[in-house]
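Chemist: Numbering (this note's numbering), first residue to last: 3 to 421.
Derived from the structure by calculation, the hints contain no laboratory data.
Please note that the accuracy of each hint is not assured.
Derived pair list, reagent style DSS-like, types lysine-lysine, alpha-carbon separation capped at 27 Å [claimed, not checked]:
1. Lys-248 x Lys-235
2. Lys-89 x Lys-45
3. Lys-285 x Lys-326
4. Lys-362 x Lys-339
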Amino acid sequence: MIKVGIIGVGTVGTSVVQILKDNADVISARAGVDIIVKSGVVKNLSKERGLDILLTDNADDILNDSEIDIVVELMGGVDEAFEVVKKALANKKAVVTANKALLAYHRYELQDMAKDLAFEYEASVAGGIPIINALRDGLSANHIESIMGIMNGTCNYMMTKMTNEGVAYDAILKEAQELGYAEADPTFDVGGFDAAHKLLILASIAYGIDAKPEDILIEGIQNISQDDITFAKEFGYAIKLLGIAKKDGNEVELRVHASLVPQEKMIAKIDGVMNGISVVGDKVGETLYYGAGAGGNATASAVVANIIDIARSGKTRPMLGFDKPLEGKLTLKPTDKIESKYYLRINVSDKAGVLARITKIFEDNNISIETMLQRPCSADSANLLISTHISVERDIQNMIKQIASLDFVNFTPVMIRIV
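Let the hints inform the model, and build the full structure from the sequences given.
Modeler: As structure tokens, then:
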């Protein structure tokens with residue numbers, strides 16, 4: 003019998019307990035052993051949870067329990083969770099976590115600490131989608147050329163509603179909060195940080211690259227307007243918040259931002275709260291993974307799958323996918339050297355000579371315009387909607403600063419990269 007302790011019995015933790023109980027027959031058959039939850043840690047012992055397991059408010063009751071084989075960390079956060087997981091490993095317990103923030107900052111330290119102990123984290127990226135297993139196992143024969151994914155259901159829900167129903171950003175954010183998709187402070191989701199944590203985990207498995215959130219380009223969807231969506235539709239694009247990892251020679255670019263995606267791409271068709279991740283391998287080509295990226299049961303499903311893996315064989319695979327360092331180690335591509343096509347929305351006063359001065363700044367920065375539309379905003383202002391040919395991030399950013407300083411430009415230009 004395998005005994006499990008859960009630190010953080012909230013929505014996901016409760017679902018883990020319930021799945022292990024409801025599906026005990028098939029889980030036991032697949033694992034080859036019975037698996038039970040012995041105890042769980044909660045913050046508030048007085049809250050009724052309807053669970054028939056021992057509950058405590060002290061993590062040490064689990065960490066120091068010699069009968070517990072697997073510690074499941076579902077408490078969230080970084081620093082406190084790191085201390086808890088370190089102690090679990092020091093006490094020779096296998097660990098399963100769904101904590102993407104913890105892994106975004108400490109995955110390599112935890113790999114070093116785990117050594118021959120099992121450390122699994124499928125639920126940390128894209129909920130119930132088995133993308134970690136796909137990268138570490140199913141695609142292990144491939145050099146990974148790129149990863150591109152919708153990794154945050156909140157943003158995808160909001161962009162879908164803005165696109166399909168014409169809802170303004172502020173209104174759909176309020177609705178997402180009321181539905182429980184977005185927190186009272188939604189910055190972690192809409193600012194792109196949640197997706198960035200997940201991207202960093204995938205990039206370590208695919209490329210063996212150690213980067214922190216502060217090292218990569220992270221932008222959110224806060225500045226997207228209906229003008230941008232109208233432009234996207236007119237030119238055959240959908241707007242999605244994407245996490246992108248792409249190998250370019252011996253460099254890897256890592257970035258999270260709103261993107262204009264051609265409508266014919268499968269990733270552009272993923273709507274609502276669903277997640278989808280495209281992975282391109284040099285031998286297998288493109289594979290696409292789609293499913294529920296959050297929610298108690300979907301995330302708990304991935305947690306329980308990891309528990310079963312450990313019950314079957316102890317340490318199932320290298321934590322981050324590499325048994326030895328990758329030859330010809332890849333490095334992180336500087337953000338200002340990223341190349342892309344770009345879309346810009348520039349709000350200007352409606353005066354003679356404005357267009358000529360704007361286009362001259364494009365020319366001075368060696369940026370070629372592909373398409374341009376002018377849409378009136380009021381009696382005396384207009385939006386210039388412009389897309390470019392492939393340009394360098396550094397040149398685009400310099401140009402935006404120059405344009406923003408012009409006396410007839412009313413707001414800092416909005417820029418969206420085109421995939």
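Chemist: Measure nothing beyond the straight line between the CA atoms of Lys-362 and Lys-339; if it is 27 Å or shorter, mark the hint as holding.
Modeler: Between Lys-362 and Lys-339 the Cα gap is close to 23 Å, so the pair holds against 27 Å.
Chemist: Under the criterion that the straight-line Cα-Cα distance not exceed 27 Å, is the pair Lys-248, Lys-235 satisfied?
Modeler: holds (26 Å)
Chemist: Check the hint pairing Lys-89 with Lys-45 against an upper bound of 27 Å on the C-alpha distance.
Modeler: Given pair Lys-89, Lys-45 holds - Cα atoms ~19 Å apart, limit 27 Å.
Chemist: Is the straight-line distance between the alpha-carbon of Lys-285 and that of Lys-326 27 Å or less?
Modeler: holds (22 Å)
Against the hints set out earlier in the document, no violation occurs for any number.
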